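S.K.: Here is how the chains run, residue by residue.
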Amino acid sequence: MTDAIRPDSADALAAIVAEAARDGTQLRLRGGGSKDAVGAPTPAARIVDMRGFSGVVDYDPPELVLTVKAGTPLAEVQALVAEKGQMLAFDPFDHGAILGGAVGEATIGGIAAAGVAGPTRVSRGAARDHLLGFEGVSGRGERFVAGAKVVKNVTGYDVPKLITGSWGRLAAITELTLKVLPAPRLRLTLGVAGLDPAAAISAMARAMGSAAEVSAAAHLQDWNGTPLTATRLDGFPSSVEARAAILTRLVDGIAPLADEEAARLWPAIATAAPLPAGVPLWRIIAPAAQMPNVITATSGAWLLDWAGGLLWLASEDDPQPIRAAATQAGGHAMLVRADAAMRAVVPALHPQPKPLAALEERVRRAFDPAGVFETGRF
Amino acid sequence: MPAPDEAVLARRGEIVAAMRAIVAGEGVIDKADELRPYESDALTAYRQPPMVVVLPETTEQVAAILRWCHANRVKVVPRGAGTSLSGGALPLADGVLLGMARFNRILEVDYADRLAVVQPGVTNLAITRAVEDEGFYYAPDPSSQIACTIGGNVAENSGGVHCLKYGLTTNNVLGVEFVTIEGEVLRIGGRGLEPAGLDLLGVIVGSEGLLGVVTEVTVRLLPRPETARALLIGFPEVEGAGRCVADVIAAGIIPAGMEMMDKPAVHAAEAFVQVGYPLDVEALLIVELDGPAAECSHLLNEVEAIAKANGAVSVRVSTDDDERVAFWAGRKAAFPAAGRLAPDYLCMDGTIPRRRLPDVLTRMRGLSEQYDLGVINVFHAGDGNLHPLILYDANKPGELEQAEAFGADILRLCVEVGGVLTGEHGVGVEKRDLMPVMFTETDLAHQQRVKCAFDPELLLNPGKMFPVLHRCAELGSMHVHRGALPFPDLPRF
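Order-wise, the sequence lines are chains A and B. Per my numbering, the first sequence starts with residue 1, numbered consecutively. Per my numbering, the second sequence starts with residue 1, numbered consecutively.
What the hints contain is simulated information worked out from the structure, not anything from laboratory work. Mixed in with the good hints there might be a few duds.
[To be verified] Quick list of in silico lysine-lysine cross-link-like pairs, BS3-like style, CA-CA up to 25 Å:
| no. | chain 1 | residue 1 | chain 2 | residue 2 |
| --- | --- | --- | --- | --- |
| 1 | B | K263 | B | K332 |
| 2 | B | K263 | A | K84 |
| 3 | B | K165 | A | K84 |
[To be verified] Covered by chain B, according to a simulated footprint, are these stretches of chain A (three or more residues, beta-carbon under 8 Å):
| no. | region |
| --- | --- |
| 4 | 88 to 102 |
| 5 | 203 to 209 |
| 6 | 241 to 251 |
The model shown is predicted, which means the values in this text are computed figures rather than measured ones. For each residue, glycine too, the CB sits at the ideal point set by N, CA and C.
The following block holds chain A by itself, in its conformation from the complex (with noise of 0.2 Å):
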C-alpha cells in the first residue's frame, strides 16, 4: 500500500482525481479509518486521507441545520450539537469498536458515506434521511454540489440520499449539511426479560404501533444471562411518563430499567458489542415480521434492532445460506466483520438481481466512469 494522500481543499483534491482518472489508478477515499477492515482488501488502491477537510462551516441551531466540512470527526460534530441541545436524530454510531479498531477516529463524512444509523433509526429515519446536501468532488475530477442547506427541498435530483451509503464509489464528499434536531429532555427504558423471539417482535410491533411514541426497540438473545426486550421513550418528561403507563398496558411484565443499565443497553445495542468478537458479522435487514425464520435457518449469536427489522448475527455459518435465508426473508446481508481471507473472497454488500445490479453499475458510471472508485473493495 503507497502513502495516503491528504488534500486540504477541493481543487486539490479535484486535481488528484482527475490525474487518477487519466493515469487509470484507483483512489480509496479514506476519513479516520474506523471501518477499514470493511469490504475485502485493496492493496493496490491509493488512499485518499480526508481528514484535511475538517471543521464546523455553519451552525445555527435553530435553523437545524449543520454545515461541516466531511473529516471532521463524528465525535466532535455528536459534542457540538449536545453542547446546543440538539442531536444527530440518525444515531449514528463509530465502527471502531465493531472492527477491532481504535474508538473516536470515525468522520461524519464517513458516516454518510456508509449510511451509518443507530437503533433511533427504526423512528426518526436514517443518515439518508438527515442529509440535506453536500459538496463533493465527482469520480470525474469535478467539483459539484446537490441538495442545498435548508430543510425543506426538491430542487433537482436528491442526490445526497444517493451519495449516503455508496460507499464512496461516486464522489468523495468534502462538505456536507445534516438536518439536527432537539435532543430529548429524558429517555426513559423499558423492559421485560424471557420474550423467545417470536414474541418479542410481537411485543415490539405493538410498541411501535401504539401512541407511545417508541423511538427505539431492541431485542438482546442474552443480557444479563435472559433474553431482554427493550424500548426506549424520549421527549419531556410529562409525555415520556404517559407513554410509559401506554407501555405498561400494553406488554405485560414491561418495566423501566435502570438509567445507568438503560445508558449501557443501547451503545452496546448499536454496536452489536453483546455479541462475540472474532467471529464474522452480519448485519441482515428484512421486514420485522420475517425475522424470526432468518433466526431459526442460521446459527450463532444474534440481537434483533430497530423494532425486530434489523439482525446484527455472529455467525461461523457459510455466507451462502446466509444470504439466502436474507432474501428469502425480503432483505439482505451486509458482511461487516470478517478476517481479511473471508473478504477477499465474500463480498460484502449483498449482490443484487442482474438489471438492478446493471443499473447500479450506470449510475456509478455516470459520476465516475473511469472506474476511480472502484478498488475492488465492494
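Take the given structure of chain A and dock chain B to it, following the hints.
M.R.: Structure of chain B alone, referenced to chain A:
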C-alpha cells in the same frame, strides 16, 4: 411554441394503433375533445393537448407501452391525478400521456410491519382512510391530498403542513415497483427499512417522472397521535412572529405544524371563511402540537409563554377538535381566498433559512410595488417554505408575463439568501429555466447523467426540470461545458 417533431406527428395513426393493441377499449383516448381534460395539470398557465392518452391497468401494459415507445423513439409523459403545481404532467404535442389513474387499488395493509402496499393511482387521503379505523395514518399530507395520487407524490416528493415533524414523501416510502423506459420491471427497496446497494429509491422519489414509471408503492404507516391541539397567535410585527418560531424550536419543540400568514393573507382568508382570525395583526401563527394529552398541554403552555415573550398580542388555544380545525380552515382556504382577490394567481414555493424571513418579506413588498402586482404570503414557518401568491389578471395583456417575472425574482431572492427554488412543488416546467440560479452547469451535468443512466434516449418527460437537455453521449465526455445544445424540440412558452 416551436413545432414538435413532425416525423412523430406524421406517425400518429400508427402510434394510436400500437397503443390500442396494448390497452383495449376506452383506455386509449385520441379524439381532440376527449384529450382536452388532459391538456394541463394544476399549473393551468401552460396548456398542450397530448398526441394520445393511454390509461393502462396492469404493470405488463405499462411495460409494453414503454417498450414500444422506446423502440419507436416516442416520448412519454407520466401523469397521476394532474394536481402538480409546477407543470410536471404537462403533455407534449408529440408525446404519449401515460395516465396511471386506473391503478387505484390498495393491495395490502400490514399492521405488524406498519406498511401498506398500494397502486400508484390511489389517492394520498385514501391510504389514511383505509387504515384509520385501526389507528394508523399515512403522514405526508399535501394540500391536494383528497385528489393527488401516491404515484404523483412519489414523482414530486410531495410535502404538506406536517413535514417538519414527519418528513416528505421520500422519508415515508419503503419501496416501489418501477418500470424503466426499456420496459424492464424492477423492484427497488421493499418492505424492510433499507434496500441493499445504492439508494436508487432516493433519486427515484422526486425525479418528476424523468426516470421511470412507478407501478406499485410501499409506504410506511404511523400510529395516529393520541391528541392534536393548536394555538392561534397574532403578532403586531413579522419580526416577532419569526423570533417566536425560532424560539419554539430552540426550546426543543418540533410542532406537528407551524404556519404563518401575513396581514393580506389573514384578511383574505377571514373574508372567505369567517373563522375569527384577528384582523389587527401583521402576522398570524398557527402552531399545532400532537402526541399524548399530557405532552400537548405542557407544550401549549410553553409555546404560549414563548409567544408572549415575543410580543404576541392575541393567543387562542383550541379547546376541542372543532376549534382546532377552525384555526386551520382559514389557512387551508388561503388559495381560494386569493382567487377572490384577483382573477388569477401564481403560487410560488421557495424555501429560505428562517432567520432571513423579515428581510425577504420586506424585499418582496418592494418587488410587489415594482411590478404593481399584489402578493399575499402563507408560509410553512417551521421549515422555511414560502408560498407567496402573486395576484394578477391573465386577461390584461402582459400581466401573466409580469407575474412570472415577479415570481422568478422572488425565487432568485430565495436562492440569494441561502435557500432553494422549490420546497415541495417540484421544478417541472415552471422553475426549469431558473435551475442555473441554484446550480452550476457542472452541478446540473452531474444530475443529468443520473437521468442518462435510466433513460439515455431522453424519452421520459423531456422538457421538465433541466433548462438545457444535453445529449447523453456529450455528457459522457470528461469535459461537458462545451456540450450544451439548446433543447431543439422542447416547447418554449
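S.K.: Give a verdict on every hint.
M.R.: Status of each hint after checking the structure:
As the CA atoms of B/K263 and B/K332 are separated by approximately 16 Å, the hinted pair is consistent with the 25 Å bound. With a CA separation close to 34 Å, the supplied pair B/K263 and A/K84 exceeds the 25 Å bound. Note on B/K165 and A/K84: the hinted pairing holds, with a Cα-Cα distance of about 19 Å set against a maximum of 25 Å. Closer than 8 Å: that is the beta-carbon criterion, and the region 88 to 102 of chain A has 0 residues meeting it against chain B, so the requirement of 3 is violated.
For the region 203 to 209 of chain A, the stated coverage by chain B holds: 3 residues have a C-beta nearer than 8 Å to a C-beta of that chain, and at least 3 were required. Counting residues of the region 241 to 251 of chain A whose C-beta sits closer than 8 Å to any C-beta of chain B gives 4, which meets the bar of three, so the coverage hint holds.
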